[in-house]
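Those sequence lines, one after another, are chains A and B.
Mapped onto my numbering, the consecutive letters of the first sequence carry residue numbers 1 to 161.
Mapped onto my numbering, the consecutive letters of the second sequence carry residue numbers 162 to 375.
Careful: at least some of the hints might be erroneous.
[Claimed, not checked] Here are a few chain B residues that face chain A, going by a calculated C-beta distance under 7 Å:
(1) Lys-214
(2) Glu-224
(3) Gln-233
Worth flagging that the hints you see were computed from the coordinates, not collected in a lab.
What you are looking at is a predicted structure, and each value in this text was computed from that prediction instead of being measured.
Think of the CB as a built atom: it goes at the ideal place given N, C-alpha and C, for glycine as much as any other residue.
So you can see what is in the structure, the chains are spelled out below.
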Amino acid sequence: MTMTVNIGMAELKALNHPGILITLGLGSCVGVALYDRKTKVIGLAHIMLPSSANVKKIDNEAKFADTAIVKLLNDMYKLGASKENIVAKLAGGAQMFTLNNNSDIIRIGERNIQAAKEKLAELGIDVVAEDTGGNFGRTIEFYSDDGSLKIKRLGYGIKII
Amino acid sequence: MDKIDFNKLSSYQLDVLKEVGNIGAGNAATALSKLLKKKITMCVPNVRIMEFKEVSYMLENAEKPVIGVLIQIVGDFSGYILIILEYETVGLFLNNLAESTSIRFDSPGEEFEFSEMELSALKEVGNILAASYLSALSDLTGLRACTTVPSIAIDMAGSILSFPAIEMGKFCSNVMYIEAGFYEGTNRIKGDFILIPALEAFEVLLKVLGASES
Chain A
1 MTMTVNIGMA ELKALNHPGI LITLGLGSCV GVALYDRKTK VIGLAHIMLP
51 SSANVKKIDN EAKFADTAIV KLLNDMYKLG ASKENIVAKL AGGAQMFTLN
101 NNSDIIRIGE RNIQAAKEKL AELGIDVVAE DTGGNFGRTI EFYSDDGSLK
151 IKRLGYGIKI I
Chain B
162 MDKIDFNKLS SYQLDVLKEV GNIGAGNAAT ALSKLLKKKI TMCVPNVRIM
212 EFKEVSYMLE NAEKPVIGVL IQIVGDFSGY ILIILEYETV GLFLNNLAES
262 TSIRFDSPGE EFEFSEMELS ALKEVGNILA ASYLSALSDL TGLRACTTVP
312 SIAIDMAGSI LSFPAIEMGK FCSNVMYIEA GFYEGTNRIK GDFILIPALE
362 AFEVLLKVLG ASES
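Please work from the sequences and hints to get the whole structure.
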């Protein structure tokens, strides 16, 4: 039976095939979707912040791009996935509000995407598709069948990457 | 460890924050009454503390279209105020302020276009609500701060709410917000205020209010 799990902010989950991982209303956060092409194990992290570097004690790894990706991979390995078969897709990282100053918080979406890409590159995982940036929210659905990532926006159609 | 865990605030500290919300919402109701030339009453605000994973669902449906007005606060006390107005209830503002008759609020996903005039009216409502709230905070604490030009976003509740979650996520292990409701006759205007203090501002706030831990 297909298992469907909803991922909230600062949460992550790995699932065996057949499974669907969903996150609703992704804004400046970034959804990192990992797919093992062989075992069809999938994983999704809803990341809020780019880096855990200045945080003394991390009580939730899923909050930060660097720690979330490592934790998600480990959870996927436990389900039989292996690194050489894993590819990544990214969605989110929007800028929801425009203020006069170009402060870091306003650009947080962009920084989240960049941090996720850097961490994935460091680990040798290819980003095969992305739907990032812009100024709109996204709902994403990730399918273990074929590793497709369905993206929905308010008032626009559906996009599959 | 995160610097602030709202679950660890004492009931006294929470009461103080609730009182700020109370006075702020009272001021906002008065300001709205003047703006709309209608009697607006408020209900007692509710202070809620949530885990990050719950944030997207705070308005029940994470994909529900909402209007977010973000105002930056600068001064002795810095941070942001995010006001979230629910789609179904903005008609009251627009009918009064922008004489809009053409907006459809019944079919989310199909009609999201507001005219410049309507967007401007909604920003102004946000501005007034934020300024009222801030003035309550200033009166109570003696801290002085002012607001900057608002920014507006119309999108899924979850995506708008990612802003306060991320900003508070930098130093908090959870999120606090104040839910306020206003009434015009029997029409309920649902609005949520989220005060997003910078870390220093939060410490200053609790200290000035005599509610700091030490």
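A quick look at each hint next to the structure:
{"no.": "1", "hint": "Lys-214", "result": "holds (3 Å)"}
{"no.": "2", "hint": "Glu-224", "result": "holds (5 Å)"}
{"no.": "3", "hint": "Gln-233", "result": "holds (6 Å)"}
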